[in-house]
Amino acid sequence: MPKDGGIGASTKRREDVRFLTGTGRYTDDINLPGQAYVHFVRSDVAHGRIRSIDPSTAEGMPGVLKVFTSKDFEAAGGIPCGWQITSRDGSVMQEPKHPILAEGVVRHVGDPIAAIVAKSREQARDAAEALEIDIEELPAVMNMREALKDGAPQVHDSLDSNLCFDWGFVEENREAVDTAIREAAHVTTLELVNNRLIANPMEPRVAIGAYDMAADSHTLYTTSQNPHVIRLLMGAFVLNIPEHKLRVVAPDVGGGFGSKIYHYAEEAFCTYAAKVLRRPVKWTSSRSEAFMSDAHGRDHVTKIELALDADHNFTALRTETHANMGAYLSTFAPAVPTWLHGTLMAGNYRTPLVYVNVKAVFTNTVPVDAYRGAGRPEATFQLERVVDKAARELGIDPVELRRKNFITEFPYATPVAVEYDTGDYHATLDKVLEISDWAGFDARLEKSRARGKLRGIGLAHYIEACGIAPSNLVGQLGARAGLFESATVRVNATGGITVMTGSHSHGQGHATTFAQVVADMIGIDASQVEISHGDTANTPMGMGTYGSRSIAVGGSAMVKATEKIIAKARKIAAHMLEASADDIELKDGAFTVAGTDKSLNWGDVTLAAYVPHNYPLDEIEPGLEETAFYDPANFTFPSGAYVCEVEVDPETGKVEVQGFAAADDFGNVINPMIVEGQVQGGLAQGIGQALLEACAYDDDGQLLSASYMDYAMPRAYDFPMFKVDSSCRTPCTHNPLGVKGCGEAGAIGSPPAVVNAVIDALHRAGHEIPHIDMPMTPNRVWSAIHGGAGPDKDGETMEERSVGA
Amino acid sequence: MELKDSRRIEAPPQDVWDALLDKDVLKACVPGCQEMEGSPEDGFDAKVVQKVGPVKATFGGRVTLEDRVPPESLTITGEGKGGAAGFAKGGAKVRLEPLNGGAATQLHYDVEARVGGKLAQLGSRIIDGFAKKMADQFFTRFEEVVTGTEEAAEATPRADAGNEAPPGETAAAQDERTR
Numbered sequence: 001m002p003k004d005g006g007i008g009a010s011t012k013r014r015e016d017v018r019f020l021t022g023t024g025r026y027t028d029d030i031n032l033p034g035q036a037y038v039h040f041v042r043s044d045v046a047h048g049r050i051r052s053i054d055p056s057t058a059e060g061m062p063g064v065l066k067v068f069t070s071k072d073f074e075a076a077g078g079i080p081c082g083w084q085i086t087s088r089d090g091s092v093m094q095e096p097k098h099p100i101l102a103e104g105v106v107r108h109v110g111d112p113i114a115a116i117v118a119k120s121r122e123q124a125r126d127a128a129e130a131l132e133i134d135i136e137e138l139p140a141v142m143n144m145r146e147a148l149k150d151g152a153p154q155v156h157d158s159l160d161s162n163l164c165f166d167w168g169f170v171e172e173n174r175e176a177v178d179t180a181i182r183e184a185a186h187v188t189t190l191e192l193v194n195n196r197l198i199a200n201p202m203e204p205r206v207a208i209g210a211y212d213m214a215a216d217s218h219t220l221y222t223t224s225q226n227p228h229v230i231r232l233l234m235g236a237f238v239l240n241i242p243e244h245k246l247r248v249v250a251p252d253v254g255g256g257f258g259s260k261i262y263h264y265a266e267e268a269f270c271t272y273a274a275k276v277l278r279r280p281v282k283w284t285s286s287r288s289e290a291f292m293s294d295a296h297g298r299d300h301v302t303k304i305e306l307a308l309d310a311d312h313n314f315t316a317l318r319t320e321t322h323a324n325m326g327a328y329l330s331t332f333a334p335a336v337p338t339w340l341h342g343t344l345m346a347g348n349y350r351t352p353l354v355y356v357n358v359k360a361v362f363t364n365t366v367p368v369d370a371y372r373g374a375g376r377p378e379a380t381f382q383l384e385r386v387v388d389k390a391a392r393e394l395g396i397d398p399v400e401l402r403r404k405n406f407i408t409e410f411p412y413a414t415p416v417a418v419e420y421d422t423g424d425y426h427a428t429l430d431k432v433l434e435i436s437d438w439a440g441f442d443a444r445l446e447k448s449r450a451r452g453k454l455r456g457i458g459l460a461h462y463i464e465a466c467g468i469a470p471s472n473l474v475g476q477l478g479a480r481a482g483l484f485e486s487a488t489v490r491v492n493a494t495g496g497i498t499v500m501t502g503s504h505s506h507g508q509g510h511a512t513t514f515a516q517v518v519a520d521m522i523g524i525d526a527s528q529v530e531i532s533h534g535d536t537a538n539t540p541m542g543m544g545t546y547g548s549r550s551i552a553v554g555g556s557a558m559v560k561a562t563e564k565i566i567a568k569a570r571k572i573a574a575h576m577l578e579a580s581a582d583d584i585e586l587k588d589g590a591f592t593v594a595g596t597d598k599s600l601n602w603g604d605v606t607l608a609a610y611v612p613h614n615y616p617l618d619e620i621e622p623g624l625e626e627t628a629f630y631d632p633a634n635f636t637f638p639s640g641a642y643v644c645e646v647e648v649d650p651e652t653g654k655v656e657v658q659g660f661a662a663a664d665d666f667g668n669v670i671n672p673m674i675v676e677g678q679v680q681g682g683l684a685q686g687i688g689q690a691l692l693e694a695c696a697y698d699d700d701g702q703l704l705s706a707s708y709m710d711y712a713m714p715r716a717y718d719f720p721m722f723k724v725d726s727s728c729r730t731p732c733t734h735n736p737l738g739v740k741g742c743g744e745a746g747a748i749g750s751p752p753a754v755v756n757a758v759i760d761a762l763h764r765a766g767h768e769i770p771h772i773d774m775p776m777t778p779n780r781v782w783s784a785i786h787g788g789a790g791p792d793k794d795g796e797t798m799e800e801r802s803v804g805a
Numbered sequence: 001m002e003l004k005d006s007r008r009i010e011a012p013p014q015d016v017w018d019a020l021l022d023k024d025v026l027k028a029c030v031p032g033c034q035e036m037e038g039s040p041e042d043g044f045d046a047k048v049v050q051k052v053g054p055v056k057a058t059f060g061g062r063v064t065l066e067d068r069v070p071p072e073s074l075t076i077t078g079e080g081k082g083g084a085a086g087f088a089k090g091g092a093k094v095r096l097e098p099l100n101g102g103a104a105t106q107l108h109y110d111v112e113a114r115v116g117g118k119l120a121q122l123g124s125r126i127i128d129g130f131a132k133k134m135a136d137q138f139f140t141r142f143e144e145v146v147t148g149t150e151e152a153a154e155a156t157p158r159a160d161a162g163n164e165a166p167p168g169e170t171a172a173a174q175d176e177r178t179r
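Going line by line, the protein sequences match chains L and H.
Under the working numbering, the final residue of the first sequence carries the number 805; numbering is consecutive throughout.
Under the working numbering, the final residue of the second sequence carries the number 179; numbering is consecutive throughout.
Think of the hints as simulated: they come from the structure by calculation, not from any bench.
This one's a predicted model, so the numbers in the text were calculated from it and none came from an experiment.
Glycine included, every Cβ here is placed at the ideal spot set by N, Cα and C.
Some hints could be false.
Under the rule of at most 20 Å between Cα atoms (straight-line distance), these lysine to aspartate or glutamate pairs were calculated in the EDC-like manner [unchecked claim]:
#, chain 1, residue 1, chain 2, residue 2
1, H, K81, L, E136
2, H, K89, L, E136
3, L, K598, L, D582
4, H, K81, L, E137
Here are the computed distance ranges between Cβ atoms for each label pair [claimed, not checked]:
#, chain 1, residue 1, chain 2, residue 2, range
5, L, H763, H, T140, 22 to 32 Å
6, H, M1, L, F629, 52 to 62 Å
7, L, V92, H, E2, 42 to 52 Å
8, H, T140, L, P33, 19 to 29 Å
9, H, R125, L, D134, 23 to 33 Å
10, H, D110, L, E136, 21 to 31 Å
11, L, D699, H, T147, 51 to 61 Å
Isolated chain H, as found in the complex (with noise of 0.2 Å):
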């Protein structure tokens, strides 16, 4: 699955920088995350609800920034497994480009992922719209933090609230569901 875009956003590109490598800003902005720890240098270990088409997991993983040059590129390179589930793993590139005189930044990324497992079995045909809903809902939560629309700290998970587990249910009853 491969996925090529860009976005501007109204802030310099040193704003945009930090709030990419901010822990608290990407778990406010990645769909369904439930938690995020680590550093920019030692990487992210994040944990992910997630329902693709039929199949909904929590996807434990792990995020490495690489090749970064500030504010201009970097990396991004993660693999989350979600047990039965399945596993997704795949890298972006982002460029960073600025707009305005500096006032406002083209951000152009490049996805490259793949999936394994029942989320390939069952999710393939769908995979695609699935990605470009998932950094739709990325971009224009981040976009809305960066600017100040929202505070990162108050954000609060919107587009992933229905796919929250009803408490105490099982993985295998969830499975089960969407078998």
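Bound-form chain L, shown alone (with noise of 0.2 Å):
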């Protein structure tokens, strides 16, 4: 019997009524008496020495209240990188200035070059038209590897050169994984494009910067997954604002994907510029803004080598991938290639030695950073892909090569440095190759060939490192920052409850979740318990949502806080019942004395708590309230096995998805149809990346994928119905809820299952196609299956398949 509330339950999304009918309050429903429209002037050309900026006519323009340039923030800092890479050599990476406004050179198309504040959107845009802008064009560099060579255009004249930093990991390993592969019976060699990606989310970027000069305090209103860190970033470095003066808000968002982690530079304006005006100052993003202004996604280039002995164990890994961070470093960019990455690169294998070597090169295009999965989705896609190309080339069963390298006793410690406490590999693939009906794949294929069709299968495990992170951990790894979480519990004199978490809901829908967590610990309804985030004004110090932390982290800190309500309300009770703590028992939102019928309710406790007449003043103080920070001791392990099967038409080298199964392990599962719900979601992302979305830029930086008519989003019929089980479970063992996290799964299994599905089907009618890089556009694999060489990219090597390839 399916539960009907409480953990386990597929309880309805309570906050789906108010999306659903409209009365969601997002960022730009937010207009404050008086507010001002800024408008962004930004670059058109990926490289550019400002010459000169004349703003006389654009100030003179109806509505204009003032044209901001670089020379109004000469106070302010750059906007910082939250985390700090060692290169192999010892040096530390290579950090520029991302300042607010371009200061003399512009270094990608969109960087802003001024803004304009005036009393209406329009006025703003009227105005950017007049603004006199004289860009001396210099020479832009796109391709990674053309980035490293000597005499390229630098992106930043104040760096040594354009390479940020140069990992390597585990460098103590690396003779000893060059000797293994030297050594190997069998070497399996795989390049690949991890292509670049926008991460689109339904709701464009929005920020209010507001003062108010009475208190000389600022808010800014923002679309933002963490309030509390943007609050510390651009208060402490880039504003100099302390946060007892600052309030940040991030309410209804809608959607991120990571793109709404970072610190950035419209944020700092609005609320800078708000104080400067002395009225409230609000930028929306357009579409075209946010094509070239939210950070971007993936973007690695990679050389992975996979050595296996005689009995096809695998006995060593090498990596080298160029990792693409754009013209400046966002908040987490660095992290991305690193630390979520060659961490991950174990994958699901008892490969005993592993190395991997990243590059960090700038380039003249949008920052990239995190992206749903980020450096996960990277690392499966080498390892997946590499995996499935030995088991082709010495002729055996996919399926069995992975069978017999699987990681099977926990905890597992790998070479790259972490430590897996539980998984079931096994388990979740005979699960797949169950629910996708493996087995009955042959005759399918026999159908799809009548109708002059090619089929494949592909099969991709996967292993993520979520509920990111131990803080003492990361801070040894580079962040600056910690990755608590936190949560307040308040309950309130007729037993409601308010649960103020650090942990941002932007589509993951924790009001539901969090809330059946707090009512099954209590035993009353869910309907009692209201979840609040998102306002740094009333929720404690929090670092925010992503990298599938909420439920692992947020979760953790709201069970501990509440762990401490139930014991001083316990306390309350024994002494109303005038019994001893340890004898109180509470079930179903009942107070009872253990082996009696000595009972109160949850109210009457919560009651007494505000209305201490009869209580143990002298033990315990009145109210009902407590906060818990909660730092994890271990990242969470989800792991999964996905199968695609697709079918591609040889006239055309269209695929189409025939069938995609799921089948994941996230430890214990709160709310099973919003992990099922989380995991569609990532599979449409994935699928999206494998076979349509791409960012392109052309050879001088223009960025050619930059609306809805050149970058292709997955559309519902792009997908068959997705088969998605969540029943395999091994909980976490370091968390009191026992979950690991799902949010980036389906996003990071999927797109090696989808390409592994595409070269099976190619292979089975013949054709001998090592790889084809994502997105395989029809283009792409029309071009593969007639010897390579297509109306475009024909012939491209290595060198040539970096940005936007």
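Put the two chains together into one complex; each comes in its own frame, and the hints tell you how they fit.
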């Protein structure tokens, strides 16, 4: 029997009532009295020197309040980066200044040069047309390998080169890995591109700055996944505003996928300009602006080598990755190709030796940062593609090759610095083979052939590190912040509860799942629990939501705070029932003296906490409100197995996904329906990456895929009905709920499953094609079938397959 | 973007040459041209209203004529800025080949152009077709003017008629419409 409430119940999402009836309150819904509007004038060229900016005409335009340039921000700091990576030679990464408005040089199309604030949005836009900016165009560098050559255009004159860092992991293993690969019975090599993506949340970014002169305090309303982080970064590093004078509010947020983690220049601008102008300043990104100012994702180019012994055991793995940072370092950017990527290169396998080299490169492109999965999809893609290729080269079943090399004993310490606490990879594999009807593939293949279509089936496993992260560990790795989470549980006199969480919900359904947990712990109805988030004025300092961390870290903080509440309530109940607290049982919202019928309802005890007439005041304080901060002991390690089945039209190269099955191990599950929704969304994004999405630049650095005419977002008709299962459960051993996190899995495991399926389809038709880059457009697939020479991108080499390839 | 083509014009090379250097002829023939000032020696300043796919803007630009070998060849280079719409820049190598013993001219042109900003973001897919269309319109009118089918002074813009901004509409409003 499915539960109808509490942990494990598929309770309907309570927040959907307001989202689906148009009563959500997003940042753009907020309008403050007297607010002005800012329009950012952005660079049209990828690289250029600003010779002059003449604001005189624009300043005289109707409604214009002020034209801002970098001169107005001489006292402000640059946009900070939250991680510092150390290179193989011991030097710290090169970290250029990222100004709010360009200081003499523009470095990517979309780089803000000036900002015009006017009484209306239209007036600001009209004045932008009159702003005279003279820019000397400079040579731009788009390709990462070109950027590292001598004589390449330099993105930052202040740096030694375009190399941000050259990271080796684990450096001590390097020689042993080289030796193992040299001496291996078989080595499979693959070069691949993880295509640059644009996050495209449904709600574009918005920022409203407001300044209260009387209180000398600032408020920023912003579309953020982590308002406390923005408050800290912007207050301490950019604008020099102490946190008690700065409130950051991130109300309903319409999707982020990582792109709303980072502190952006527009946030600092609006906050600052509101004080200068003494009126609120609002910015709403247009979709065009979003394409060229939201941080992009992925954009790795990798060579991977997998060594096997004669019995097909993996003996060593070596990778060399070029990771595009874009023109500036976004908040999390250096962590993505390093600690979120290198640490996952063991995957689900017992490979004893792993060495990962990552060269992070500056180019004249939009900054790149974490996007759903962040580093883990890149790791999984390389690994699951090379394992599949190895099986093909050796003529063995890809399922059996994986089984042979699975990690089966836990905890398992990988050669890449992490320890998996639990997992059962055979279980998810068995489950996915069952629900995908792997055994019945041949019959479906025959039917496809009869219709003149090619058919293929592909498998991929994944492991991810979620529940980010143990603060002491990430501190050693270069994080400049802790990664704990917080919660305050406020019990009202009549028993209702408000939980103020440091996590942030922008589509995840926290209002529903978090309430299920607290209600379950106390034994009351979930309608008695309200979840509040997103406002630094009324939530404890929290690190926000990303990296599938909310239930694992934020949920754990909430559990700890609720445990404190229950412990205190039990003492109050013991006093009222004239019993020992040890003898008080809490069940179904009632406190009972064990072995008796003496009992008090939850509401009786909470009322006593605030009306302490009969109360142990000499032992405990009145009131019932507790806060907990939780710092995880380890990452969590969700894992799973995905199967994709495709049909390829040999005449056109069009790939059609015919079936997709996902078997995930997320540990314990609070709300299976929400988990399934998260997996489905992730699958849509991952399959979108594999087949459709590509951020493309031309050689001059012009962004070509800057609208939905050219950037192919996946749509419902691109997918079959997914089969999603989360019944394989090995609970996390180190957090109180035994949960692992599910937000990113779908986007991590699906791209290699799709590519493996397409390659399988081509091989079954006699096309010995080792690899096709994502997105596998009809053009690319058709070209591969016809010998690699297509209408474009023909004969391209690895050297040329960098940005946007 | 590259565009290479040639066109037969029923006029002697010298007439074609003179027309190519005549700002009034150019103004009449460049699709969407609102203003054309200057001289072959100093270059021309032009204002052109155009719509590329969803992007519409007024381009202010400067055109220079170099490597002039009358009446055989010249290089035309130009750059136009369209404000929020971005920019276009490029050049054309033009060569005049006498036909029929000098009674007619084969006009060869080799254009290289690139666009930036919103034009590239929204219009790159259609820029090749757009450039071809512009070239066709230009040379059709040019031929009419040179061969006397139509007098330059009376030539009226046609293909761009629908591109003119409605009176009083702001650039932002136009942009909003096409965004």
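The hints, checked one at a time:
For the given pair, K81/H sits about 13 Å from E136/L by alpha-carbon distance, which is consistent with the 20 Å threshold. Restraint check: the Cα-Cα separation between K89/H and E136/L comes to about 14 Å, which is no more than 20 Å; the hinted pair holds. For the proposed pair K598/L and D582/L, the alpha carbon gap of about 14 Å is at most 20 Å, so the pair holds. Distance check on the hinted pair: K81/H and E137/L sit about 13 Å apart at the alpha-carbon level, within 20 Å; holds.
At roughly 53 Å, the beta-carbon separation of H763/L and T140/H lies outside the given 22 to 32 Å, and the hint is violated. A C-beta distance of roughly 58 Å is found between M1/H and F629/L, which places it inside the suggested range of 52 to 62 Å. In this structure, V92/L and E2/H meet the distance hint of 42 to 52 Å, their C-beta atoms being roughly 45 Å apart. Distance hint for T140/H and P33/L: a CB-CB separation of about 57 Å, inconsistent with the stated range 19 to 29 Å.
Separated by about 30 Å at the C-beta atoms, R125/H and D134/L satisfy the suggested range of 23 to 33 Å. At roughly 27 Å, the beta-carbon separation of D110/H and E136/L lies within the given 21 to 31 Å, and the hint holds. Distance hint for D699/L and T147/H: a CB-CB separation of about 41 Å, inconsistent with the stated range 51 to 61 Å.
When held up to the earlier numbered hints, the structure conflicts with 5, 8 and 11 and fits the remainder.
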